[in-house]
Every structure is written in C-alpha cells, then in structure tokens.
Amino acid sequence: GAGVSQSPSNKVTEKGKDVELRCDPISGHTALYWYRQSLGQGLEFLIYFQGNSAPDKSGLPSDRFSAERTGGSVSTLTIQRTQQEDSAVYLCASSLVKYEQYFGPGTRLTVT
Amino acid sequence: GENVEQHPSTLSVQEGDSAVIKCTYSDSASNYFPWYKQELGKGPQLIIDIRSNVGEKKDQRIAVTLNKTAKHFSLHITETQPEDSAVYFCAASKGGGKLIFGQGTELSVKP
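Top to bottom, those sequences are chains A and B.
Sequential numbering from 48 applies to the first sequence in the working numbering.
Sequential numbering from 479 applies to the second sequence in the working numbering.
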C-alpha cells in the first residue's frame, strides 16, 4: 500500500522567507511525527501528533517553527523567517500502533 | 537527558561475514528499541524492533539483542550481502513516543 508521502521533495529558499512542508501519513495512522536530519545533529525529534493534538512539542528548536494537523491526516510544518541553520532534511513518520514508526522520503530544505 | 550512543560509526565487512552494531541508552524507562536502515536519498526504513519484555528477536538474517540491566542493545546481520550496505540507526523510546536516535553506522559490504 501507499507509504508516507512528503512534499516538496526539495525546497530552496532565501534567508528570511517562510516555508511550508507537507506530510501525508499512511491512511488510518493516528500518530504522526516530525524529525530533522542534519549532518551535525543526526536525527532529531521535533513534534508528535496524536490525532489533531500535539502532546509533545519539546523538539521544536524555536518559536519560528510550528506545525499543525487537520482531519487527523495531513500535517504541515511551517518555518518562519528561515535561517541558514534550518537547512536539513525534514522527515515525517506515522504509526498505527503505539510503536512502529514508518518514515517518508523527506524534504530537503536549503536556505541560501 | 535522554541519550543513545551508537558504535561503530563506520563498519566495513566482506560479503558473507557478519556485522554487529551496538547501542547504549541512558534512560532506564525506555522500553522500545527499533533499528532503521537508510539508503542514500531515502527515508529511514524500519527493519527490526524489540520491546523491553524480550531479550532477543530474529528475522531471517538479522537479529537484535537487548540487555536491560546494562542498557545495551545490538543489531546482528549474518551472511552480509552488498545490498546490506547503508547507514543503520538505532533508537529508543518510552511508551511509543518520540524516538531518540543514535548517531548512525555506515556499513559497507565488499563483494
């Protein structure tokens, strides 16, 4: 069946611009996670949704980062006033049962 | 805070040999330990996982062992093949929440 999909696959933006990254989880998966993967920091947790609520936002690095999930499905991660240190691959994962998380292909963000 | 240490960072083996990657976690409340394989340009792929009520789990050529007392868990790949070449990540979580990842191991299997 269809896996987790993310769009765009690549995004190049200028410093100071806002960007939106989209995640479509596996159909029926109630939990959704965002992670960031960069060379210096490895794979870092950003935020977790259960349904439309976010019980754990502890990984968001600053108030420039926000995320929402609507209809218990699609999620959008928004980064305002992007900085060069925001350059990374942003990964989304979803899970049906409490544990197994399945990842999408990621969005590679480059801030110039 | 929560931390997962992974070793080695790179591993090179001959085809047919075994490969072992080891991880240590800091939070004794962790109860779920997955392993992911990541190929270039792709997202991490879940290959095997283990929960804290089990000491070992095997799936064909891959196996994972867990020592809760020492807070260690390991991935074992037997009869390695060139297509096993990738970056492998271990992770730990409490109750199915966020995953804390190790730093990754780049495995190279030489034909």
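Calculated directly from the structure, the hints in this document are not laboratory data.
Don't be surprised by glycine CBs; every beta carbon is placed ideally from N, CA and C.
Accuracy of the hints is not assured; some may be wrong.
Distance ranges between label pairs, derived from CB positions [stated by the list, open to error]:
no., chain 1, residue 1, chain 2, residue 2, range
1, A, Lys104, B, Gln492, 27 to 35 Å
2, A, Glu61, B, Val498, 43 to 51 Å
3, A, Gly63, B, Gly494, 17 to 25 Å
4, B, Gln492, A, Pro108, 35 to 43 Å
5, A, Leu86, B, Ala507, 24 to 32 Å
6, B, Gln492, A, Glu115, 17 to 25 Å
To give a feel for the contact side, a few chain A residues facing chain B, derived at Cβ under 7 Å [what the hints assert, rightly or not]:
no., residue
7, Gly89
8, Tyr95
9, Phe112
10, Glu115
11, Gly118
12, Gly119
13, Leu138
14, Leu143
15, Lys145
16, Tyr146
17, Phe150
18, Gly151
Hint check results:
1. About 46 Å separates the C-beta atoms of A/Lys104 and B/Gln492, a value inconsistent with the hinted range of 27 to 35 Å.
2. Checked against the given bound of 43 to 51 Å, the beta carbons of A/Glu61 and B/Val498, roughly 46 Å apart, stay inside it.
3. Distance hint for A/Gly63 and B/Gly494: a CB-CB separation of about 53 Å, inconsistent with the stated range 17 to 25 Å.
4. Between B/Gln492 and A/Pro108 the beta carbon distance is about 42 Å. The supplied range of 35 to 43 Å therefore holds.
5. One distance hint, 24 to 32 Å for the beta-carbon pair A/Leu86 and B/Ala507, holds here, with the actual separation near 30 Å.
6. Under the hint 17 to 25 Å, the C-beta atoms of B/Gln492 and A/Glu115, about 49 Å apart, miss the expected range.
7. With its C-beta approaching chain B no nearer than about 5 Å, A/Gly89 sits inside the 7 Å limit, and its interface hint holds.
8. Of the supplied interface hints, the one on A/Tyr95 holds, with its beta-carbon coming within about 6 Å of a beta-carbon of chain B, less than 7 Å.
9. Checking A/Phe112 against chain B by beta carbon gives a least distance of about 15 Å; that is not within 7 Å, so the hint is violated.
10. At a threshold of 7 Å, the smallest CB-CB gap from A/Glu115 to chain B is about 18 Å, leaving the interface hint violated.
11. The interface hint given for A/Gly118 is broken, as the beta carbon of that residue sits about 22 Å from the closest beta carbon of chain B, more than 7 Å.
12. At its closest, the beta carbon of A/Gly119 sits 17 Å from a beta carbon of chain B; the interface hint therefore is violated under the 7 Å criterion.
13. Given hint, A/Leu138 at the interface with chain B, holds; its Cβ is 6 Å from that chain's nearest Cβ, closer than 7 Å.
14. Hint on A/Leu143 is violated. Least Cβ distance to chain B is approximately 11 Å, over the 7 Å limit.
15. With its C-beta approaching chain B no nearer than about 3 Å, A/Lys145 sits inside the 7 Å limit, and its interface hint holds.
16. At its closest, the beta carbon of A/Tyr146 sits 5 Å from a beta carbon of chain B; the interface hint therefore holds under the 7 Å criterion.
17. The beta carbon of A/Phe150 comes within 4 Å of a beta carbon in chain B, closer than 7 Å, and the hint placing it at the interface holds.
18. Look at A/Gly151: its Cβ gets to within about 5 Å of chain B, closer than 7 Å, so that hint holds up.
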